[in-house]
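Chemist: These are the residues of each chain, in order.
Number of protein chains: 2
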Amino acid sequence: MTESTKYLLSEDRLPKAWYNLAADLPVPLPPPLNPGTLKPLVADDLAPIFPRAVIEQEMSAERWIDIPEPVREVYRLWRPSPLIRARRLERALDTPAHIYFKYEGVSPAGSHKPNTSVPQAFYNQQEGVKKLATETGAGQWGCSLAFAGSLFGLEVQVFMVKVSFNQKPYRRALMETYGATCIPSPSPLTEAGRAILARDPESNGSLGIAISEAVEVAIAHDDTKYALGSVLNHVCLHQTVIGEEALLQMEMAGDEPDVVIACTGGGSNFAGLAFPYIREKIKGRSIRIVGVEPHSCPTLTKGRYAYDFGDTAKLTPLMKMHTLGATFMPPGSHSGGLRYHGMSPMVSHVKELGLMEARSYHQTECFAAALQFARNEGIVPAPESSHAVKAAIDEALLAKAEGKARTILFNLSGHGHFDMQAYTDYLAGKLKDRVFDDSLLDEALADLPVID
Amino acid sequence: MTESTKYLLSEDRLPKAWYNLAADLPVPLPPPLNPGTLKPLVADDLAPIFPRAVIEQEMSAERWIDIPEPVREVYRLWRPSPLIRARRLERALDTPAHIYFKYEGVSPAGSHKPNTSVPQAFYNQQEGVKKLATETGAGQWGCSLAFAGSLFGLEVQVFMVKVSFNQKPYRRALMETYGATCIPSPSPLTEAGRAILARDPESNGSLGIAISEAVEVAIAHDDTKYALGSVLNHVCLHQTVIGEEALLQMEMAGDEPDVVIACTGGGSNFAGLAFPYIREKIKGRSIRIVGVEPHSCPTLTKGRYAYDFGDTAKLTPLMKMHTLGATFMPPGSHSGGLRYHGMSPMVSHVKELGLMEARSYHQTECFAAALQFARNEGIVPAPESSHAVKAAIDEALLAKAEGKARTILFNLSGHGHFDMQAYTDYLAGKLKDRVFDDSLLDEALADLPVID
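Same order as they appear, the protein sequences are chains G and V. My numbering puts the first residue of the first sequence at 1, with every later residue one more than the last. My numbering puts the first residue of the second sequence at 1, with every later residue one more than the last.
Chain G with its partners taken away, still in its complex shape (with noise of 0.2 angstroms):
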């Protein structure tokens, strides 16, 4: 009998509901805000950018959530994904541990993004929604809603930040490829891009701007909404059909995890591993869960946990979640998913709660063990899932230090195949770690909008 390398659960195995961890806190999250009022959001509020259903599971507390039928059917182009066991890396690495791996870049946009850009898709077509409007950075979250879009027959308009536009143009190839329009921001098209180029014609956009835009669209006409791809609950949710696939899969290889481990930008496809295995953890199972994020832009490691907004030019809901600040600038890296001032307010919470730890690294040592990786497991990571990379090979080295067994389970959430710059650059030396300014972070959180 040779090992088990991959770890296949069958279409009907495809969990039936999502899970949401709100049921099970042992403390309720704290409610986000309507900044104008200070007072807890309600469901008006948001109703004019999201479709009803998405705010009932924003704010729901029920413990299972059903995945309707149609979403487990595009599901199942790629769920269940696979969980492997990555022994070509355990014995280059020489380690007692086991080493195993969650890994969404099986999806259609390559990463993890579209367990969450489809039931978003369905359930604005549902309630007769027919364009949906959104901002992307990297193109990742783009990609992901133009595919999603495209198979329940919505418009979907992409405002990707000009920098990132010149840079990856095959990103918005592949969005007019699923049929969606992919526009520079700043644009004309919006009284916010038109206002910043007014200021700067030249402007490069920011993710900040580009929601702004993309909600000034939803807004603005009755038949379009807004969609997110991270930070808010029903993201997290819809994420942890990740986990759940996972715990039926560790039980299949016979193994349980000691470590999970996951890169957090703005906690989504942490969450979608880590909740399931949280919800175990709070039941009394001895776990460590470790979100791992770049030195660059260190949210969970060194930001303040209060309210804050969620964009740069101040228009969400107060959010208490850790934050750099909202007018923080995070400096240019490959890892453009995990360039996000905030982090989800319900990852804060957990590990505000102690259920979980943080780390961060250097850019150049995640690319180094991407390449490890890579020259052993054929995959080569996302620039943002070689943080997880590189925290999953520390601690098989620390287990190999300890001369001890331990059984690691990590979250590759997407390939790099549309990163290969980020490679080129690593490559020729080019790459640059820069130790993070503490003095930035304290003019950035001096700004903190103040919140009894």
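Calculated directly from the structure, the hints in this document are not laboratory data. Do not rely on the hints blindly, as some may be mistaken.
[To be verified] In silico lysine-lysine, DSS-like type, Cα no more than 30 angstroms apart, as pairs:
#  : chain 1 : residue 1 : chain 2 : residue 2
1  : V       : Lys16     : V       : Lys400
2  : G       : Lys302    : G       : Lys432
3  : G       : Lys430    : V       : Lys302
4  : V       : Lys281    : V       : Lys404
5  : G       : Lys16     : V       : Lys6
6  : G       : Lys430    : V       : Lys281
7  : V       : Lys302    : V       : Lys39
8  : G       : Lys131    : G       : Lys16
9  : V       : Lys302    : G       : Lys6
10 : G       : Lys162    : V       : Lys430
11 : V       : Lys404    : V       : Lys283
12 : V       : Lys6      : V       : Lys281
13 : V       : Lys39     : V       : Lys320
14 : G       : Lys130    : G       : Lys314
15 : G       : Lys131    : V       : Lys430
16 : V       : Lys404    : G       : Lys6
17 : V       : Lys302    : V       : Lys320
18 : G       : Lys281    : G       : Lys400
19 : V       : Lys430    : V       : Lys6
20 : V       : Lys6      : V       : Lys400
21 : V       : Lys314    : V       : Lys281
[What the hints assert, rightly or not] Pulled a few chain V residues facing chain G out of the computed Cβ check, cut under 7 angstroms:
#  : residue
22 : Phe147
23 : Glu176
24 : Met420
[Said to hold, decoys possible] Quick list of the computed label-pair ranges, beta carbon to beta carbon:
#  : chain 1 : residue 1 : chain 2 : residue 2 : range
25 : V       : Thr364    : G       : Gly254    : 46 to 54 angstroms
26 : V       : Ala405    : G       : Glu69     : 22 to 30 angstroms
27 : V       : Asp66     : G       : Gln421    : 36 to 44 angstroms
28 : G       : Gly254    : V       : Ala405    : 39 to 47 angstroms
29 : G       : Asp223    : V       : Gly153    : 40 to 48 angstroms
30 : G       : Lys283    : V       : Ala428    : 52 to 60 angstroms
31 : G       : Arg199    : V       : Thr364    : 53 to 61 angstroms
32 : G       : Gly254    : V       : Asp223    : 38 to 46 angstroms
33 : G       : Glu402    : V       : Glu69     : 28 to 36 angstroms
34 : V       : Ala428    : G       : Pro96     : 16 to 24 angstroms
Yeah, the Cβ is synthetic: ideal placement off N, Cα and C, and Gly gets one too.
Model the placement of chain V on the given structure of chain G, informed by the hints.
Modeler: For chain V alone, coordinates are given in the frame of chain G:
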């Protein structure tokens, strides 16, 4: 019970042997000839460039050849690959046909090529070879050999046609990520390269020149061999793992293909899916087998069945095959993997025996089919594979017009993540189709070697 979308084999059903069609051919394959003596090639003729095990397979008449366990271990990183029923595409086409595709894009390099790069690297390593030299056009093969080399500790040197080297920097980045070196060809590293550069310092290179450079490197160094990614018998052999899996998976689906479709360049992905089905056809099963090629390089549909050289520089043995003439220069297209003047001798022989049919398409109609596929099934096909997609859609529409059920199986040999420029050009309306100029063919064919 919901309808199945994917048919996954467990790892223990990964085939234990490759299938050699030579054992079942009703008429033996015409042998390759030594171009000097015009006598059938002997093993020693190939010894300077291939390891013994590969030469044996090239000349074998054994029906089944065991897949070594270390190769199966690597295969398990992505194999068995999924068989997917394209239910959403069926509904979009409103066809009574069932459409299945075998998806080879799940491999680390994104195509079927690692099915042969892995055993080739293994056999070379077993025989003490330290380095492999190869050529690559669009880059699929170079990436696949780079991946395989990284796993078996072999140095890999890839001569990449200069025009592609400059156009596709991310293919080079992928090779380097796997630890290979990638050199634009013609290069100053070889006599062949220097000769070309002396005549034309600005030469864009060609596959023929790149082959000459790689072969020269292999011959010049005792510890270095050459590796080829298509055309030859041992390559077709290694690819049959695709069709053997598909036979098991179609059984799981409770369906039997009426028609099996794959695109043809050098013939290896076609052979991989089709040869096991041709065995069944020879045994009496009623089934159509269709090879699909670009109208701009119509080897099977317009070429002559004759002895010809495998490379432009006329250094290789003579092979009996469908050929457009070794000096034929196919016009540029985005399906670089299909731009080859010849065809696998085994595939050519199968065509002559009437065991398969061939058809050709223009590239724009293939991209239109690829878009329809991507918007329904989520996967963006490689431009090469889009030829098979187009043929499958045409078969499904024919079934609809005839009001008949029909089961279609095609090989989706790779994804298009590294070919998004092609999609950009298509979407911008920049791709042109040209009617094939038969007079070019007359000229190239007049140049065929004269063999009695």
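Chemist: Check each numbered hint from earlier against the structure, then list the numbers of those it violates in ascending order.
Modeler: Per hint list: 1, 3, 6, 9, 16, 19, 21, 29, 31 and 34 violated.
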